[in-house]
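**Q** These are the residues of each chain, in order.
2 protein chains.
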Amino acid sequence: MAADARLAPWRQRVEAALETALAASADTGSARLHAAMRHAVLSGGKRLRPLLVYAAGAATGADETLLTAPAVAVELVHAFSLVHDDLPAMDDDDLRRGRPTVHVAFDEATAILAGDALQALAFEVLAEAPVDAALRVAWLQSLARATGAAGMCGGQALDMEAGGRRIEVAELQQLHALKTGALIRSAVRMGALAGGAGPGVSARLDDYAAALGLAFQIRDDLLDIDGDSASLGKTAGKDQAQDKATYPALLGRDGAGAALAEQVARMRDALTGWPGDVGALEALAVLAVERRS
Amino acid sequence: MAADARLAPWRQRVEAALETALAASADTGSARLHAAMRHAVLSGGKRLRPLLVYAAGAATGADETLLTAPAVAVELVHAFSLVHDDLPAMDDDDLRRGRPTVHVAFDEATAILAGDALQALAFEVLAEAPVDAALRVAWLQSLARATGAAGMCGGQALDMEAGGRRIEVAELQQLHALKTGALIRSAVRMGALAGGAGPGVSARLDDYAAALGLAFQIRDDLLDIDGDSASLGKTAGKDQAQDKATYPALLGRDGAGAALAEQVARMRDALTGWPGDVGALEALAVLAVERRS
Chain Z
1 MAADARLAPW
11 RQRVEAALET
21 ALAASADTGS
31 ARLHAAMRHA
41 VLSGGKRLRP
51 LLVYAAGAAT
61 GADETLLTAP
71 AVAVELVHAF
81 SLVHDDLPAM
91 DDDDLRRGRP
101 TVHVAFDEAT
111 AILAGDALQA
121 LAFEVLAEAP
131 VDAALRVAWL
141 QSLARATGAA
151 GMCGGQALDM
161 EAGGRRIEVA
171 ELQQLHALKT
181 GALIRSAVRM
191 GALAGGAGPG
201 VSARLDDYAA
211 ALGLAFQIRD
221 DLLDIDGDSA
231 SLGKTAGKDQ
241 AQDKATYPAL
251 LGRDGAGAAL
261 AEQVARMRDA
271 LTGWPGDVGA
281 LEALAVLAVE
291 RRS
Chain H
1 MAADARLAPW
11 RQRVEAALET
21 ALAASADTGS
31 ARLHAAMRHA
41 VLSGGKRLRP
51 LLVYAAGAAT
61 GADETLLTAP
71 AVAVELVHAF
81 SLVHDDLPAM
91 DDDDLRRGRP
101 TVHVAFDEAT
111 AILAGDALQA
121 LAFEVLAEAP
131 VDAALRVAWL
141 QSLARATGAA
151 GMCGGQALDM
161 EAGGRRIEVA
171 ELQQLHALKT
181 GALIRSAVRM
191 GALAGGAGPG
201 VSARLDDYAA
211 ALGLAFQIRD
221 DLLDIDGDSA
231 SLGKTAGKDQ
241 AQDKATYPAL
251 LGRDGAGAAL
261 AEQVARMRDA
271 LTGWPGDVGA
281 LEALAVLAVE
291 RRS
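These protein sequence lines map, in sequence, to chains Z and H. If you're matching positions, the first sequence starts at 1 in the numbering used here and goes up one per residue. If you're matching positions, the second sequence starts at 1 in the numbering used here and goes up one per residue.
Derived from the structure by calculation, the hints contain no laboratory data. There's no promise every hint is true.
Copies of the same chain look alike in the list, so a pair counts if it fits in one copy or across any two.
What the hints assert, rightly or not - Computed list of lysine to aspartate or glutamate pairs in EDC-like fashion (alpha-carbon distance at most 20 Å, straight line):
no.	residue 1	residue 2
1	244	107
2	46	254
3	244	19
4	238	161
5	238	269
6	238	93
7	244	108
8	244	64
9	46	168
10	244	168
11	238	63
12	238	19
13	238	206
14	46	19
15	238	207
Remember, it's a predicted structure, so these values are computed and weren't measured experimentally.
Could you put together the complete structure from these sequences and hints?
**A** Structure follows, in structure tokens:
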């Protein structure tokens, strides 16, 4: 598995498309709210989820021009979730990607509303994508399910409830399958839908995505104990300070490393022998597992 | 304008459909989150927006069975907005429809997530409606726009910013056109879309909806000064206590009454000579203007 030359151009494309999406209705409503939305989205994120949309599209032979709308939409949902997760009533974080979080840079009410408006914008972007209605509806189904109570929001609720309580690895895995896994799987699924992937094809890509989601989370937990705030762009050591259930806390550092390796092998298996172009999916697996922030 | 015998059965239908939508994925994720979502939605609201979907459908000859999905979706968005508006960082309300608000009955984090999940559920319900994809996409476009920064969320942000500041009637009107008007107009538009209404037809119904939205808000402001908490089911006198810009505060009680009458006349004009069945739309105009809570 190695780097892929397509990632940088895709990243540029999604940055430009995020700018466009945020500018579209910026003359209506509150200038302060729009500024908060821009602060939340245009702050140099890794754009992992949009890149997964493009990579899954490449693996299934999708027309690349179709992929911008789902790439933007999934990143808007991710950005909304970070804004709300950072709120004082949730994880209470002051720092994100090296900058003040939205409720610090603006205020709490504006942060709540910016998150809400970003979610709505995600669905608006999909509903207005220049593709046939059936594909738009399939994307919308996938992203809405991945966002709601049976997906990301449900996982975040479980995470809040687990705070301080002793939980088992199976429960932690289930929590993260919802909290981070659902959206990552939706990104891959939306890319594959654009490529016209059937159910069997999707199941293999879905296994890759589920493994990637877990690997990403385990890496996140390891970075929290090994990284420093400056390179992370967020407060390091926060999980331990808040007595959060994490992979290293439950399995030890070595055990968490082994669990990470297991998910890497699972990703490799899912992609082995795949008839299409999996170079970008492989590169993203490396990125998720080896990142320093 | 008089009562309409269809309102009660429609209300029953939407209550049942809301139950079904909330039950659909209740076995996945957090039981506490699902309970909070049920608390927010199944608490005896007026269901004005769902009834507007049905009434606009009746006026445009829509097949009534098509209307349940948009009726449910618009009420879920409304419920999500109430949960977030009631938060301590926003309007800080303890009482809603005579019961503790979600963050009081549960906690702030759960209330934030319940609102987020209700918004996602609204779009999921539309995306999965058993109608053709083109109609689903048209509904989704309308509801997403009405919800986001150029709609309800934008209006709520303007409302927060106006707190304490002296504003003019024109600004207040613009604020409410977004905060309450956008969603009410979307409800009417979704009903009309199901009836296959063309742009000309929609413009007249849209004028009715815009007038209804304003009338509803003026009535709300008047109830806040004239009503009591018990019959309102929320804290009376709150606008004055928070020094909020309201129609009675800017125009006096009589001036606000005159502004209300003006919107009633505008609704009547919009419906006069309409070829379809406007009985239910007329009944809802009366309901919005004469309500005691």
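**Q** How would you classify residue 244 and residue 64 at a CA-CA limit of 20 Å: within, between, both, or neither?
**A** Classified as neither: same-chain Cα gap 40 Å, cross-chain 50 Å, threshold 20 Å.
**Q** Between the shortest in-copy and the shortest cross-copy C-alpha distance, which are at most 20 Å for residue 238 and residue 207: within, between, both, or neither?
**A** Classified as neither; 30 Å inside a copy, 53 Å across copies.
**Q** Tell me, please, which holds for residue 238 and residue 269 at an alpha-carbon limit of 20 Å: within, between, both or neither?
**A** Classified as neither: same-chain Cα gap 34 Å, cross-chain 61 Å, threshold 20 Å.
**Q** With identical chains treated as interchangeable, where does the CA-CA distance between residue 238 and residue 161 reach 20 Å or less: within a copy, between copies, both, or neither?
**A** This pair counts as within: shortest intra-copy Cα distance 17 Å, inter-copy 33 Å.
**Q** For residue 238 vs residue 63, is the C-alpha pair at or below 20 Å within one copy, between two copies, both, or neither?
**A** neither (42 Å within a copy, 55 Å between copies)
**Q** As a check of your reading, is residue 46 near residue 168 (CA-CA no more than 20 Å) within one copy, between copies, both or neither?
**A** So residue 46 and residue 168 fail the 20 Å test inside a copy (30 Å) and across (44 Å) alike.
**Q** When Cα atoms must be at most 20 Å apart, do residue 244 and residue 168 count as within-copy, between-copy, both, or neither?
**A** within (12 Å within a copy, 50 Å between copies)
**Q** At 20 Å max between alpha carbons, let me know whether residue 244 reaches residue 19 within a copy, between copies, both or neither.
**A** This pair counts as neither: shortest intra-copy Cα distance 35 Å, inter-copy 34 Å.
**Q** Quick one: residue 46 to residue 19, C-alpha cut-off 20 Å, is that within a copy, between copies, both, or neither?
**A** Cα proximity of residue 46 and residue 19: one copy only (16 Å, versus 39 Å across).
**Q** Within a copy, between copies, both or neither: which one fits residue 244 and residue 108 at a CA-CA cutoff of 20 Å?
**A** So residue 244 and residue 108 pass the 20 Å test across copies only (19 Å; inside, 24 Å).
**Q** What label fits residue 238 with residue 19 when the C-alpha limit is 20 Å: within, between, both, or neither?
**A** neither (31 Å within a copy, 39 Å between copies)
**Q** At most 20 Å between C-alpha atoms: does residue 46 with residue 254 qualify within a copy, between copies, both, or neither?
**A** This pair counts as neither: shortest intra-copy Cα distance 26 Å, inter-copy 57 Å.
In summary, the structure is inconsistent with hints 2, 3, 5, 8, 9, 11, 12, 13, 15 from the numbered list given earlier, while agreeing with the others.
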